[in-house]
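Residue numbers (the working numbering), protein chains in the order written: chain A, 1 to 281; chain B, 1 to 265.
For the record, the hints were derived by calculation from the structure and aren't laboratory data. Among the clues, some could well be false.
[Unchecked claim] To spell it out: a stretch of chain B is covered by chain A in this simulated footprint if at least three of its residues, at any positions, have a beta carbon under 8 Å from a beta carbon of chain A; those stretches are:
1) 10–22
2) 32–41
3) 47–59
4) 89–95
5) 119–133
Think of the CB as a built atom: it goes at the ideal place given N, C-alpha and C, for glycine as much as any other residue.
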Amino acid sequence: MHPFLGFGLGLRSSHFEEIITTKPDIDWFEIISENYMVEGGKPWYYLEKIRADYPIVMHGVSMSIGSVEPLNLQYLDKLKQLAHKVEPKWISDHLCFTSVGGINSHDLLPMPYTQEALTHLSARITQVQEYLGREMIFENVSSYLTYKESQMPEWIFLAELSKSTGCKFLMDVNNVYVSARNHDFDPMEYLNAIPHTSIAQIHLAGHQDFGTHVIDTHDEDVPNPVWDLFRQYATSLGPTSTMIERDGNIPPLSSLLNELSYAKSLVGDIWFNEQGNIKHG
Amino acid sequence: MNKVILSMANLANIQQQFMDLLQNKPNDLIKHIAKQGELKASERLSIYQNAYTIRLTGVLEQDHEQLGKYLGDTLFDKMVAGYLKCYPSQNTSLREYGDNLPVFLSKTPPFKQHVILADIAFFERLLLKAFDAKEAETLTSQILESLKETDWPLLVLNLHPSVHLISFETSAVESFQALKNDKTPPSANTNKIRHWLIWRTPDKRTEYRSIDQEEFILLNLIKEKKNFSALCQSLTKAHKPETIAPLLINYINVWLSQGLLIKHT
Ligand SMILES: [Fe+2]
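Looking at chain A on its own, in the form it has when it is part of the complex:
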């Protein structure tokens, strides 16, 4: 259902020029939808060129799917228009709430894992998918707190959501690691609880480790514990479109390409046969 696009990168403006001139060996790019919700200018100029050579997926941060306020139809219209122009392979956002009462937090705030939230999210996901006329993919967010109200672990919540809506997930392996450290759970228990057939995409990223807790900053290289988790997950998951997501402290493109090669090498023997073709079964 979601094709294996290979190994991609988050498209960042500091790499625009290098990408169109050197056409690096990257299988696909993910764009932040909100960055292109403008009428024109540089981002559009480069995106037009880049999308001629690379498959694109769209990744949003402002849908606020978990919010109790009415769906932001103005935002959904913009998203629809954008998708019409970009023709992405798929569109993703986050399983969280970002706005309340028309005020935007610009942060991915965690949901309580309750039956109430599950019912609410299921209805909203269906509503959004109907409005957009296409399937959405939702990413797990990292979190720093647990609500007393929560009735189930996050991974059961996600598995239930997948059951009730059939929605697919973008699994951010770093976010799982960050939350596992902050809430003291086994990240593999989390990853294995969510049906592998529902995973459409993988994010790999870095974080800041403060000892007592870990903050998901996405501004560092992917650290070893996340690589280890990715490799372990890949063993049972099977070939899934994977990318490095770097949001801050953006390094030269060559450094991200090195990380991407490393990702490839980690799962090479698991996902591909000797001819370099995808293993099946």
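Knowing the structure of chain A, use the given hints to seat chain B with the ligand on it.
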């Protein structure tokens, strides 16, 4: 309906409390946070509060780099704190977050005593607007050359969507320019109105230049969709009749070369 509202009670309450926490309003979100490990509930909440402040501050710092230098760290932080409180983000995009900053600066003490602050902020916002403006096909001299002589009087020119015309009584732009080059800004008040043109060049760079009263009036007439003879009319007081058309053609050639004019929309 009642049932729906009732069933949303917990979720809605948590979300409202969370937003209040981020905005430093009274809230009791901490009562909803489970005790876990070494990190206290209050510390867990601070992570979100800090992230909120840091993110929005970062947007204002990035969008208003020269204003930041003009104010210095202490005043800039004071401005940010006040702005965050008065203007929480109403947009899904952070690009618009600072749109109300010029208004905030012109209404809030101690900033409002210094008109130049709102002017610099406004100038920086116009640069951002020009950067994101709609694309449009630029007009070429070939198209104009192909016009019949009788077409000219009624000709209406069109400005590129990125074009902004602005006048300041302060040295906002000169100060912006100085700070950008790490030089000391000139005195804030000029006692003289200065006009500026801001636009995005065909190679997508944001540009600005000082324009005199005459060019300012001409460009404003074009913006108001006035035709070529109205533009000529505006020049009759200062110029001899036979020099007006050539003068205007001169202006038009400059505007064409700078990508300020577009094909009819
Ligand atoms: Fe992510």
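*Mind listing which of the numbered hints don't hold for this structure, in increasing order?*
none
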